[in-house]
Every structure is written in C-alpha cells, then in structure tokens.
Amino acid sequence: MTALSNENENSDNSSENLARLRVVALESRMSDQTAILLERAGGVAVRAPSMRELPLEDNAEALQFAARLIAGEIDVVIFLTGVGAKHLADAIETRYPADRWRAALERAFVVARGPKPLTVLRGWKVRVDVQVPEPNTWRDLLGALDRATDVRGKRIAIQEYGQTNTELTDGLSARGAAEVIRVPVYRWALPEDLRPLKAAIRGCIDGTVGAIVVTSAQQVRHLMQVAQEEELGDPLKDALRERVVIASVGPVATEALGEFGLVPDIVPEHPKLGPLVKSLAAGWRTVGKTMPANAFGAGS
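Numbering-wise (my numbering), the sequence shown opens with residue 321 and increments by one.
Please keep in mind that the hints were generated in silico from the structure rather than gathered at the bench.
Just so you know, even glycine gets a beta-carbon here, dropped at the ideal spot from N, CA and C.
All clues given are correct.
Below, simulated DSSO-like cross-link-like pairs (lysine-lysine); rule was C-alpha separation at most 27 Å, straight line: (1) K445 / K406; (2) K445 / K474; (3) K406 / K592; (4) K598 / K436; (5) K436 / K406; (6) K557 / K518; (7) K518 / K592; (8) K592 / K557.
Computed spacing ranges between beta-carbons, pair by pair: (9) Q483 / D410: 18 to 24 Å; (10) A423 / E454: 28 to 34 Å; (11) R420 / D378: 19 to 25 Å; (12) G617 / E426: 54 to 60 Å; (13) H590 / Q548: 30 to 36 Å; (14) A391 / R467: 27 to 33 Å; (15) D526 / R459: 36 to 42 Å; (16) E550 / A387: 42 to 48 Å; (17) P612 / R388: 54 to 60 Å; (18) K445 / A380: 25 to 31 Å; (19) A423 / D460: 28 to 34 Å.
Could you put the whole structure together from the sequences, leaning on the hints where they help?
Structure below.
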C-alpha cells in the first residue's frame, strides 16, 4: 500500500503532478476534454461515461411554454443549462419562428444559472437580467433573484435538465410565486454501453484506480445505481471512503455524494473542470488516504 502523504515511486519532482495516477472520469459529453486535462496533469484517464442525454420525444411542455410566453403569460424565465436552452429552442422552433418567441422572451425577466446558458442567451441576442454567481447552485439562484426582483405573484418558468430541482421550485413557491412552470426538454439515461462504467467500479474496488472526478450529481447517482445493480454498492462505497481520492467539481455534486454517505477529498474554489483537475493534481498526495501501488500506470 502507498500512503498519499508520501512520495510515490512513480512521482516526479513536481508537487502538482498526478504521477501516472489512474483517475476515473465519469464525464460523457466532455469525455475527451476531461481525459486531455487529466493526462496533461500527469495522470492516466480511465474513461467511464455515466450519462446519456435523451431529448424528450413529446415536446408538449416546451410548446405550451412558448405559447404562454408569446401570449405574455410568463413573467420570469430561468435557464439552468446551456444544452437545455438549445434543446428548448429546437423544440419550440418546430412550431414558432425563432424571432417570434425570442422577442417574447425579451419581455420577460430572464435568469441564467451560469456561464453556459448565459453564452447561449447572448448568442440569441437576448437580454439577461440576472446571472447567477458561482458556484451556481439553487441556493445561489434564489439569492440572486432575491437581490434582483420580487417574485411574489409572478409566473415563473424553469428550463429543467434531466430531473426536477424540488428545492428550487419549493423555494420559488415559498417566496410567493403565483405559478412555477416546469419545462423539461431532456432526461438522463444510462449509457447504452455500461462496460466501461462497470470496469471503473471494479477498478475502484480492486485498487487499480486511485481517484475519481465527479462533475455532476447525476453522475454520482448513475455510478451508485450501476454498482448496486452489480451488487457492488457497499464495496464501492468502502473503496471510495478508504482508498480512492474523490474530486468533486462543486456543491451540487458534493450533495449527491452525501446522499450515499460519501465526502469529497478535493473541491476546487471555482466549480469548473479545469480548476477541478488542477486541484486534484495539487492535492491528491495530502488527503490521507492509502492505495495500492497498482493504482498507477497505463490506462484502460
């Protein structure tokens, strides 16, 4: 076994190098970017995609939202994700021209949860009234709204991503919103090929990987779902507590880890992929966990 507080024989003279540590990356859409960052930091990326985005076949909610927006029946629109905003536009524009519904959006109070939906909205030339500050959680969103406007009596639409954020919807209702309208545009599913994810789970348990990077709550839930289906839920949690360094991108992923009794070892100051990998590279030796020597080496 190798203590992280000591130098491993695979390490070089840099204190911010992953020293060929094998790191599970659960990212799907940004799998290539994650692997590149890990490898530039001296690690070995073990790709284990954990999610698949499935646009909803029935666009009823999106079209109902557009009709109400155009009719002036929605006061506040909250965009939670960039990819969700794009899916929403694609759905709406099967019935309404882009300039028509975007003009209606200009008459509403528009909120962007973070930089990705903000970029999409700016590309549409839509005014954004509130940009939620980091780390872009539902708490930050509600706080930003509280500082910017009074939602009492307002009809509020939320572009959802994968699943409903009940804390956000409950928080808006508690503030006196007249109506909170959910606008789902896609849902999360497991990858069609689960072999890499299953192999990563076994790698955590048998000691052939030394760290795992988590960039969303749903990654955690899918990881544990597959582990439990393989009857490996408890061994995986034991490995993550005792040997595998857990790097979480920010509060939302950290809360999901907490649902399974897990606490991250590394959390960057800024909830982005680049700072996450940099923080892991700088801090993996100091978290106090131990791991087998075979957690270092070639990728899979």
